[in-house]
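Residue numbers (the working numbering), protein chains in the order written: chain A, 81 to 263; chain B, 8 to 786.
Bear in mind the hints are in silico, worked out from the structure with no lab data behind them.
Ideal Cβ positions, reconstructed from N, Cα and C, are used throughout, including at glycine.
Be aware that one or more of the hints could be misleading.
If you anchor each label on the Cβ, the simulated ranges turn out as follows [as the list claims (entries may be wrong)]: (1) A/L169 <-> B/V409: 45 to 51 Å; (2) B/G40 <-> A/V87: 21 to 27 Å; (3) B/L692 <-> A/H89: 40 to 46 Å; (4) B/P188 <-> A/P257: 49 to 55 Å; (5) B/E614 <-> A/E168: 36 to 42 Å.
Covered stretches of chain B, going by a simulated chain A footprint (3 or more residues, C-beta under 8 Å) [stated by the list, open to error]: (6) 660-666; (7) 705-711.
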Amino acid sequence: MSKQYKVVHCTINGKEVEQIVDVRASLTDMLRNDFRLTSVKKGCEVGECGACTVIIDGEGFNSCIYLAVWAEGKEIWTLEGLTGPGGELSDIQQAFIDEGAIQCGFCTPGFIMTSWEIVNSGKEYSDDELRKLLSGHLCRCTGYENIFRAVKKTMLRHLGKFEEAEKVNSQGIADYPEPMPFM
Amino acid sequence: MSNKYIGKAVTRHDAHDKAMGRIKYTDDMCDKGALVIRVLHSTVANGIVKSIDTSEAEKVPGVVRIFTCFDIKEKHYYPTAGHPWSTDPSHQDIADRLIMTDRPLFYGDDIGAVVAEDEVAASQALRILEKSVEYEELPFVLDAQEAMKEGAPQLHEKYPNNVLAHTEIHMGSVEEAIKEPGLTKVEGWYETQPVQHCHIENFICYAYGEGGRTVVVTSTQIPHIVRRVIGQALGMDWGKFRVIKPYVGGGFGNKQDVLYEPLCAWISIQLGGRLVKLDVPREETFISNRIRHAIRYHITSWMRPDGSFAARTIKAWCNNGAYSSHGHAIAAKGLNAFPQLYPCDNIDGETWTVYTNRSVAGAMRGYGMPQASYAFECHAEDCARAMKMDPLEFRRKNLMPVGYYHAFSKNELYSDTFNQCFDKGAEIIGYYDKVEKYKNQTGDIRRGIAVSTFWYNTAVYPIALETSSCRIVMNQDGSVQFQLGETEIGQGADTAAAQMIAEELSIPVDMVHPVSCQDTDITPFGTGVYASRGTYTLGFSVRQTALLLKEKVLEAAHQFTRMPVYNLDLVDGKIVRTTDGRELMTIGELALSKLYTTDGSQHLTAESTYQIKSNAYSFGCCFAEVEVDIPMCRVRLLNIVNVHDCGQVINPILASGQVHGGMSMGIGYALSEKLMWDEKTGRPLNNNLLDYKLSSFMDHPRLNAAFVENYEPTSAYGTKGLGEPPACPVAPAIRNAIGAATGVYINELPLSPHTLFREFTDAGLINDPWRNEQGKESK
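Only chain A is shown next, with the shape it has when bound in the complex (with noise of 0.2 Å):
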């Protein structure tokens, strides 16, 4: 089979862009290889793992199984968007930082897309819900628990709960009432 190209036309972090797409090409491909944002990592490359994850019209995809043609038309935004034109960061990379949620780094960009989306949100979501959004993404270093605190405490300052947020302790024993049916 010959190859293919496509014109893709698409905003990447606020910019409009054109670009000349193998028509077999993932999103990841694209982002990495002609825009050279290698914030989008490869874990598995089959939307197991959430390290490609970029935020799509909004919402936060697996970019290794979004086609790059299928990128027409579309706002993207990658972790190198969040930061401002001045290299400022975003409350919720700041956060990332100051809790310690951050190891190997290898899927820090993509759990910070997700983050980002739900403090964005504008709801407020319970810490079992909190665990659902971010659990399609996979980290090996961190056990999760500071990820946590920063997204919960970014999530919470968002809704102008600062008190709140500071009261969210580095860690905490549960206190289950009587035995919980199973989510």
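Please build the complex by placing chain B on the supplied structure of chain A, with the hints as guidance.
Below, chain B without anything else, positioned relative to chain A:
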């Protein structure tokens, strides 16, 4: 000593760049014009490659070259373990690997390679090539004990009955000791499963020619060792290779092995030094990198009425897979730990490391101790129950006592670590109250709480060389760069080292810059990170080198202040006259003056090697509280606490992070992870992240990491191993908690619904009508 930087929660130096997504890992650094390598893996578990017809695959547009095992003209067998080399041949790792082989020993063995212009072409050619291999298939064996039997398939000529190694220990006389009247015998089999590291960055490397040599950029924990092994694998001088280690997306021991660097370098050489990249897909990472050994333990203890041990025996069969990798070291570690954790005068122990036709087992976080801890701590629980003793009190009574000295390693238990960790953990989780509360439960949903401990040490002395080298270079403003052979792989070694240097030179930590990426042309020699050695071993060379630099700085200060060196010190970034505390000049003024003076200009730098001849125990414990839904055969982990004594904590936030990660790995090991092979074909069944159940965000409660800090007297900064220990006690704690909840104590991992269903049915907690009809199956 009051510390300014050690013991403080300094933000890791690379956190900001990682939060911006601009840190460069191996793939991010590789030019996109690189040729792509895909490895052709064996699709038989044991066999001989008769032929590989490359003609069809070569027709795929974009294919550059296809190499097969038949292109290897000179066979250089090489070892892959990330151990320091030994100049004594009897201590060298087993050299049983070839970069490609015509004698595949497991499903996934490397028999050829495709080089193409892009990934799609390489993958298409690979699919064709897989169908173009003619094998003579041979019988295979997947189980360690089966592999030792007469008539089992033989993997390596030099190792009859597939026994890579067999060692024994004997203390006192078990035979005599068990004659003592009134003993209670406790016996059990404990089975652990193979699992994989699952670092989120798969292994990747690329290679190119430069200046008549080959440069290999690789995601590794051990760059200097990789250079040596490439030389051995290719039969070339080691200096012909330069190895560069960029930022690494997790290693956990898999990258403490030489993986595809030799093949990648060889292919680049075959292509005249062209840039070639070998990026291992996740599915291949599971089966063609390394895995954790499955170890089967059998332990027997004879208990006196007072709950003490009269005699003990242990046997272990360690499934090593098809090649030696780390060899017997993993099984030996468990055997070595056995008499130390619960000392007893009469012990017999033996262990076999056995080749089988499975994926190669190597180092993985804990190096044999997650398996051993499971066996030891299941068994300890069983002994306590047999003696009707509280499991925690049983442990307090029988564990290694304070002052215990181990003659071979010269390790000593200086502090009452076990009891301190137990006390702290019990208080955090409310152990004693919950033990009472959860007594005599009935019903479908029950809760339990339990504890487990483990044995661990730090670094590899005296079994192998322990050496660390450091270089510190001062800039014109008094800030410094430093370089170490101990690699940053996410654990935070660079930040810990920066804190030490800041402390020693008394300069702000933001004036201390790690050169984070190792390059064998530039970085001082070091063997890398493994064995929970990093912070301990680098501490020695960091301190020694920083003191050398400080000496030079003060000598230089003498030139500009006229004061004798013995009256000068470095305090908070200033040259201070100690006699009256006057600040004479800043470190920046001094560095600038010394570099640009027309009277004896000198750049201020120091470099040194420290050979470490000590080791340190690193102990702790885990408390787990679970809720078991018996009919659903599901375990919900409610609370979990790990307490560790790693000596002085250098950085509490990074140390907690290490503990969280280890606990998480332990949770997966306990409840869900297991690599499986088809018994009929030897083919792996679940080598992807969907079917292999890594523990996810939803499988975790809050993780509690706590420390007791007993300053380690042998250590440069009072610290000792922490990287691996947190992964060791989790699975047995969960197993014991499930037992406390249900009365069913399960001796096999993982404690998945499948296992629980069988065990609960056996115990009569679940009625399985189908099984009643068929008659009770034997296990």
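Non-conforming hints, listed in increasing numerical order:
Violated hints: none; all satisfied.
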